[in-house]
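Peer 1: I would like the entire structure built from these sequences, with the hints used as guidance.
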Amino acid sequence: MKEIIAVVRINKVGATKKALVQAGAAGFTALKVMGRGRLVEDKAVIAERRATLLALAQKDDYNTEKLITEFLDGTRLFPRRMFTVLAHDEDVSKIVKAIIEANRTDYNVGDGKIFVLPVLDAVRVRTKESGDAAI
Amino acid sequence: MIMVRAIVRPDKKEVVLDELSSAGFHAATVVDVVGRGKQKGIKFGDIIYDEIPKSLIMLVIQDEDKDDVLDVIIRHAKTGEEGAFGDGKIFISATDEVYTVSSGVAGL
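Here the protein sequences line up with chains A and B, keeping their order.
Sequential numbering of the first sequence, starting at 0, is according to numbering that gives the first Met the number 0.
Sequential numbering of the second sequence, starting at 0, is according to numbering that gives the first Met the number 0.
Simulated from the structure, these hints should not be mistaken for laboratory data.
Note that this is a predicted model, so its numbers are computed, not measured.
Among the clues, some could well be false.
Distance condition first, Cα-Cα at most 30 Å in a straight line; then the derived DSSO-like pairs of lysine-lysine [said to hold, decoys possible]:
(1) A/Lys31 - A/Lys93
(2) B/Lys39 - B/Lys88
(3) B/Lys42 - B/Lys11
(4) A/Lys96 - A/Lys42
(5) A/Lys96 - B/Lys65
(6) B/Lys65 - B/Lys11
(7) A/Lys11 - A/Lys65
(8) A/Lys58 - A/Lys11
(9) A/Lys17 - A/Lys96
(10) B/Lys11 - B/Lys39
(11) B/Lys77 - B/Lys65
(12) A/Lys31 - A/Lys42
(13) B/Lys39 - A/Lys127
(14) A/Lys31 - A/Lys17
(15) A/Lys31 - A/Lys96
(16) A/Lys31 - B/Lys37
(17) A/Lys96 - B/Lys77
(18) A/Lys127 - B/Lys77
(19) A/Lys31 - B/Lys65
(20) A/Lys31 - B/Lys39
(21) B/Lys11 - A/Lys65
(22) B/Lys77 - A/Lys31
(23) A/Lys31 - B/Lys88
Peer 2: In structure tokens, the structure reads:
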């Protein structure tokens, strides 16, 4: 039994839910979280998006520029959705692959992380089933 | 790899995150949570507050960095010299696999 914790972009929640259903994991818990990833050291990766966002912002002061840069290079915490999915050992790779497939973008950074943790036991409240039968 | 989940006072969240970042552990996920500890909440007269707001900081690190991370969190989440009730707890769980979505590669 494994617990899959995936932190994904908020606008990818629908796609992730669909991917989970197709991968055979219908049940999940989702949570609004704030997060940040590894610092982006190579500024060239975010240069293009930074230019686009600056153009959209229509303001050219120092604060706007700082805000946009910090959001893109990961200095700030930004909103993400955290999915928690319980899965049988043999389904883990399929579900992970489905989540990756659904969440990939062309931005290179900020697409999220997936963690797989071992779970000791699970119990279904309605029937008191435990272990693998509870999932 | 291990997952560290630290429950700290909301006002200590910023300083803990900053110090973690300067210690080289930048990536983290933060959730606002409510909870109570073994003191059964806070009691003022007849009123018991047992849903005390805290911040949950979640990060996944390599096994050998555990002591560094714990040291940073404990040092900066503590209030006063001795610490006080309500400073929080740290939980550590095993993590089997980690994937980065953008590249699809396994590993931190």
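Peer 1: The structure should be examined with respect to each hint, and the outcome stated for every one.
Peer 2: Hints, one by one, checked against the model:
1. A/Lys31 - A/Lys93: holds, 24 Å
2. B/Lys39 - B/Lys88: At roughly 15 Å apart (the allowed maximum being 30 Å), B/Lys88 and B/Lys39 satisfy the hint.
3. B/Lys42 - B/Lys11: Given that 30 Å is the threshold and the Cα spacing comes to 22 Å, the pair holds.
4. A/Lys96 - A/Lys42: holds, 28 Å
5. A/Lys96 - B/Lys65: holds, 29 Å
6. B/Lys65 - B/Lys11: holds, 20 Å
7. A/Lys11 - A/Lys65: holds, 26 Å
8. A/Lys58 - A/Lys11: Within the cut-off at roughly 28 Å; holds.
9. A/Lys17 - A/Lys96: holds, 13 Å
10. B/Lys11 - B/Lys39: holds, 22 Å
11. B/Lys77 - B/Lys65: With Cα atoms ~18 Å apart, B/Lys77 and B/Lys65 stay inside 30 Å; holds.
12. A/Lys31 - A/Lys42: It holds: about 28 Å lies between the C-alpha atoms, which stays within 30 Å.
13. B/Lys39 - A/Lys127: Distance of about 28 Å is within 30 Å: holds.
14. A/Lys31 - A/Lys17: Judged against 30 Å, a Cα distance of about 18 Å means the pair holds.
15. A/Lys31 - A/Lys96: Roughly 22 Å separates the two Cα atoms, so the pair holds.
16. A/Lys31 - B/Lys37: holds, 27 Å
17. A/Lys96 - B/Lys77: violated, 40 Å
18. A/Lys127 - B/Lys77: With Cα atoms ~40 Å apart, A/Lys127 and B/Lys77 exceed 30 Å; violated.
19. A/Lys31 - B/Lys65: Distance ~26 Å between A/Lys31 and B/Lys65 Cα, so the pair holds.
20. A/Lys31 - B/Lys39: holds, 27 Å
21. B/Lys11 - A/Lys65: Holds, because 24 Å separates the two Cα atoms, which is no more than 30 Å.
22. B/Lys77 - A/Lys31: Distance of about 27 Å is within 30 Å: holds.
23. A/Lys31 - B/Lys88: Answer holds: A/Lys31 to B/Lys88 is near 21 Å, not above 30 Å.
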